[in-house]
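Colleague: If you want the building blocks of each chain, they are given just below.
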Amino acid sequence: MIVEVLAILLGTAFLMLALNKFPKIAGTIAFFVSLLPFLAVLSWAGQMGINIPSYLNLLHFESMATYNLGAGSLLLEITPLGWFFLLLLASLFPMVMLYSVSFVRENAGGFYAAMLMTMLGTFGIILAKDMLTFFLFWEIMSWSIFALVLRGHDRRAIVSYLAFGSMSAMLILFGFMILYYDTDTLLFAHMHLAPTRLNLVALSMIVAGFAVKGALMPMHVWAPHAYSKSEEPFVAFLSGGLSKLGYFGMMLFMYSVAGMGLLASWGTFRDVSWFGYSLAVVGAFTAFAGTILAVMQDDLRKLLAYSSIGQLGYIAIGMGIGTPLAITGALFQALNHTFFKAVLFLAAGAVYYRTGKWKISELGGLGYRMPFTFLASLFAIFALAGIPITSGFAAKWLLYEAAIEKKFLFVTPIMLIAGVGAFLYAYKILYGVFLGEPRYDVKEAPLGQLVAMWILVLPLVIFLVFPGWVADMAAPILKEYGMQAIPHTPFVITTSLGVYNTLAVIFGIIGTLLLALVLYKWKPQEVVPHEDNYLAGEPPELYENISMHAAYKYYEPFEEVFLPYFRSGAEKLWEVVLYAGEILGTGARKIYTGMVEDYTMYILLFFIILIGWWLLW
Amino acid sequence: MTLNHDDWGKVARMMSKRSLWMVHFCTGCGAMEMPPVMTSRYDMERFGMHAMATPRQADVFLVTGYLAVKTLKRVVQVYEQMRDPKYVIGFGSCTINGGMYWDSYNTIKDLSKYIPVDVYIAGCMPRPEAIIDSFLKLMDMIDKGEAIGWKKYHKYYDQYKKNQRMAYAYRLDEVEDIKEDDAK
Amino acid sequence: MVDFFALGEQILVMAFLVTLGYAIGMFFNGFARKITARIHNRVGPPIYQGYIDVFKLFGKKTNISHGWIFDLAALFSIAGITLVFLFLPVAGFSMLSTDGDLFLILYLLAIPALGFALGAGASGNPNAAVGIMRALMTMLAYELPLVMVIVAMMVHYNTTSLAGIVAAQSNMHWAIFLPVFLIGAIVADMALQGMLMEKPFDIPIAPHEIATGPMVEFGGKHLGALMLYKMMGIVVETTLFVDLFLGGGVILSVAQYGWLAYVVNFLVWFGLITFVFFLALLINAVFPRFRIEQALKFYWKYDALVALLILIWIFVEVST
Amino acid sequence: MMAKELFPEAQELRKGRIRIETIKDKVTEIIKKLKENGYGHFVMLSCVDWIKEGKFELVYQMWSYEYREHVMISIKIAREGDSMVTLRDLFPQIETYEREIHEMFGVNFVGNPRLGEFILEGWPHMPPMRKDFDTEKFVKELYYKIPEVKEE
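Residue numbers (the working numbering), protein chains in the order written: chain A, 1 to 617; chain B, 1 to 184; chain C, 1 to 320; chain D, 1 to 152.
Everything labelled a hint here was simulated from the structure, so no lab data went into it. Glycine residues also receive a C-beta, built at the ideal position from the N, C-alpha and C atoms. Hints are supplied without guarantee of correctness; some may be wrong.
[Unchecked claim] Only some residues are given here: those of chain C computed to face chain A with a beta carbon under 10 Å: (1) Ile11; (2) Ala129; (3) Asn158.
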């Protein structure tokens with residue numbers, strides 16, 4: 001069935017192009033086709049030790065497939081790691097398509113075709129058994145994303161995506177070539193990498209290449225542009241889903257392919273390889289800087305983009321530390337981020353769909369107009385900030401525990417303060433968009449968009465109640481790496497340092513909320529309009545043109561303090577790289593003089609050196 | 001007098017009287033007399049009184065001095081934003097009969113025509129002792145259930161509103177467009 | 001099979017302790033005003049003023065709301081702060097959970113704060129929005145040194161559980177007796193000053209600038225709920241400090257002395273939190289207010305620098 | 001150059017206090033000249049109602065930090081049917097004074113776009129600072145006639 005799914009995705013993508021004139025029909029078909037990968041996930045759940053009712057296993061997927069092309073063959077197989085990431089992407093994808101049906105209007109066929117192609121690429125990447133298949137599907141995915149970024153008509157986004165995407169592909173390809181040179185095999189399973197310096201360089205290049213997709217600093221430059229200038233359903237999938245593929249790749253090569261032997265060849269620090277430690281430090285820096293930058297944004301999409309970069313940094317921390325606890329935490333964070341960031345981008349899209357505004361300072365008061373969108377984003381924001389009313393806390397807790405367990409004294413405070421910083425921009429979204437003065441008299445978002453958002457909120461609640469399920473899903477992955485799963489029951493996760501009991505939290509919250517409700521409902525109240533406001537006795541209606549919404553430059557003192565340190569950002573760094581490249585390139589161009597005699601001289605020189613070398617040998 | 005005061009329980013009255021939070025509307029010169037009342041010389045916090053920043057939080061409304069018609073609009077706004085039970089103290093002669101502004105074309109002369117006043121303090125200026133005395137008087141009235149200005153405001157709302165509109169319009173016959181405005 | 005009798009007993013104990021917590025919080029309100037008044041050479045209100053104020057606010061005849069989001073403020077702030085109190089080890093006695101994880105407590109503290117912010121924002125008053133901005137920035141400011149000290153303590157005691165930290169300090173091995181955590185206690189006390197929103201860090205509620213900031217639109221029962229939240233917040237935050245540095249006030253072991261130990265420990269705990277709060281009041285009474293960026297610079301430059309020394313100290317201790 | 005040298009017709013009331021009586025067409029020119037010659041501070045514009053003459057007197061007051069000298073430029077315009085040109089192009093703060101005088105005396109300043117409701121809100125009567133406006137009568141007919149709230 002695997003190859004059939006790939007074929008159906010490809011076929012539907014072409015069909016979409018034909019249905020360009022009928023966006024609704026195209027969207028509906030695309031939605032139903034997009035459910036296929038999710039059926040595959042359900043079908044494979046049994047093999048991963050997850051028991052699901054048999055009626056959910058609609059299509060029986062085989063666990064591996066080989067598809068012979070003329071020159072070679074595609075080798076596909078599902079692994080526990082792949083299954084986990086496919087679960088995230090395949091459950092996000094149908095919801096994004098459902099949302100798109102009411103959102104995408106212009107040239108919809110192209111949109112759906114490209115989206116289906118990204119899913120095709122994703123499906124292949126996750127199932128790939130060898131490097132060639134992996135790279136083939138990686139490129140399919142990358143170029144489909146490029147097609148979707150092109151639809152934003154923003155030069156900066158397109159150019160930066162193209163540059164960084166190519167760089168990423170080059171780095172990955174060079175890494176693959178070095179690995180192939182060393183091991184003489186393309187199959188991941190047959191590669192037993194010796195702890196040599198060359199292999200470590202190759203691994204670094206591959207990880208750097210994946211870091212581009214995972215938007216780790218300083219490889220993140222493309223992300224804020226691409227995230228903020230494309231259509232929302234796609235951005236939700238890009239930020240929530242596709243960015244995880246970078247971390248999937250990192251995890252695959254760092255732990256499945258390379259293993260601790262190679263990682264530790266550079267040395268270890270408290271049983272954590274320096275390689276992993278550096279990744280954790282980069283991750284912590286990304287988490288911190290992304291958060292600070294997010295606080296300063298006024299464009300809703302840019303804010304979410306930087307927040308996404310910051311939250312993805314946590315995954316890198318977990319992968320860098322590499323203990324069972326940390327890997328579970330990283331996977332949990334990946335899961336949470338997939339859903340809450342998708343919900344936030346979709347909610348932002350719904351707000352745009354109704355108001356046509358992106359700037360936070362121009363929005364406001366939509367909480368009463370779009371209550372369901374507001375509540376969905378409220379849940380997502382709770383998850384983002386790590387408030388223990390959603391699953392967001394458990395992931396952060398696991399990562400903090402992992403860091404403290406390894407006695408990381410300097411990384412942990414940075415992680416924690418980035419977590420606090422998240423409250424700042426979370427409130428900026430809440431206040432700027434949903435609270436305060438109502439400025440637009442709009443309707444609630446269309447039903448399709450609401451359903452998509454609310455289904456994506458569900459996992460955040462489910463994994464609040466059952467954080468142990470993520471540990472269950474992580475167990476086969478850890479087993480593959482020769483690690484013990486962390487001790488857990490569905491409700492309680494135990495580490496060497498502490499215990500997280502979700503039942504105590506849930507019952508505590510329910511109990512105290514009931515208590516507060518009793519206290520609160522005791523006295524009657526009347527509801528007054530928003531205009532009935534204390535402004536030193538001044539009735540606001542006298543000033544019709546003055547907005548009482550204080551969201552413009554909301555964190556101005558914050559910006560005053562931090563902006564000097566963040567002004568010369570990553571783009572400056574890349575400008576330096578560009579400048580160096582230009583100098584080198586100009587130097588190299590001098591060789592190409594365009595004169596035939598010069599070229600003859602070069603050839604002659606080449607042969608003289610060759611002969612000289614042969615003689616000296 | 002048909003207003004009964006039994007629904008406002010005795011315990012609640014005791015609490016209410018010992019915790020009077022005050023918002024002061026200081027347009028006039030009377031504001032100058034407040035610092036000694038608050039600080040260590042007279043220390044009104046002895047009685048649980050506290051100056052509050054917004055009318056939503058306050059129980060007592062202290063109007064210090066003259067009110068122009070323009071400020072009367074704000075005073076009414078503030079008074080209506082306060083939550084029941086609420087009390088008003090008229091401070092100084094200006095709130096009683098206009099004081100030295102008795103013939104000014106733009107200041108209202110008698111505050112109690114526009115909002116119900118529970119306690120007046122006469123004088124120009126009243127000394128801090130007089131202010132403290134008025135607070136004690138108000139507490140006594142609350143205890144006995146006599147400070148019922150807020151109930152009067154609810155009961156005779158039409159009359160108060162009519163008077164306010166007359167002042168806003170600077171004429172006794174109410175202007176049509178204000179009526180329409182009110183209907184909205 | 002659930003033991004309903006034990007469960008009922010536990011709920012009764014929790015209800016009693018929560019009531020006690022609120023009672024102490026209300027007492028602290030009057031206590032604070034009395035102490036401040038005495039420093040100002042005033043008589044001050046009676047020491048039970050806090051109770052009167054809260055009862056009066058809940059006794060208001062009419063209450064206004066700006067809609068259901070506004071109402072969330074009162075609900076979340078009361079529920080959240082009670083929850084934090086239930087998770088804290090009080091005098092070495094954990095109510096809801098014996099684990100009392102410190103990260104959990106730090107994040108649970110955000111529930112009432114965010115709920116409060118939600119309500120304040122929903123009121124639509126610009127002063128409230130500015131106040132919340134200041135509150136969040138103060139939080140960002142004081143969290144850095146606090147978190148650095150807490151991480152140092154977690155690594156030192158090799159546990160992330162607050163109950164574990166309290167247990168490690170039993171038999172009078174209080175953290176404050178170690179030189180490194182004496183410095184840590186001073187750093188954390190500065191952070192506590194911001195946490196309690198006392199001067200010089202009462203930037204969020206600056207009544208003379210932004211009309212009590214977030215609370216500007218709250219009156220009647222809503223304000224009563226917020227006052228309860230603030231009062232319980234004082235108890236929670238000082239207890240957190242006492243748990244971290246002063247062994248949670250545990251001086252007698254329960255295993256040895258039984259009921260007597262509970263009584264004595266609770267009295268000692270009460271004495272210690274009163275003392276910690278008293279210190280904060282002394283600073284509060286004589287200082288003016290910082291501007292927000294001054295507060296940020298104070299915490300991130302000076303307080304965090306000292307906290308960094310503590311981290312380095314612990315790093316050396318762990319590495320050797 | 002000091003005001004006395006610029007305008008010989010000016011009379012010196014006492015040291016540092018100069019009064020220039022002129023006609024309304026010359027005011028712009030005089031103030032412009034004074035501004036160029038060190039009288040950089042426009043203090044205020046005031047109005048006096050000379051009801052028996054049937055004239056409004058407008059007094060423009062200027063101050064020089066250089067010479068420490070106060071110059072008053074006084075003009076008279078008819079109470080009814082006359083107007084004055086605005087000087088807001090020379091000193092922007094004049095606009096506010098003109099608005100006030102327009103509201104309180106009803107003097108029309110040609111060219112000032114913001115003449116309208118300023119301090120009084122919804123004032124329906126004759127401008128209240130005019131001398132023919134009987135304040136006492138007005139107060140007695142309005143404020144003292146607003147009825148007390150009758151309690152049943």
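Colleague: State for each hint whether it applies.
Modeller: Each hint tested on the structure:
1. Ile11: Interface hint status for isoleucine 11 of chain C: holds (8 Å vs cutoff 10 Å).
2. Ala129: 4 Å, holds
3. Asn158: 7 Å, holds
The structure meets every hint from the earlier list without exception.
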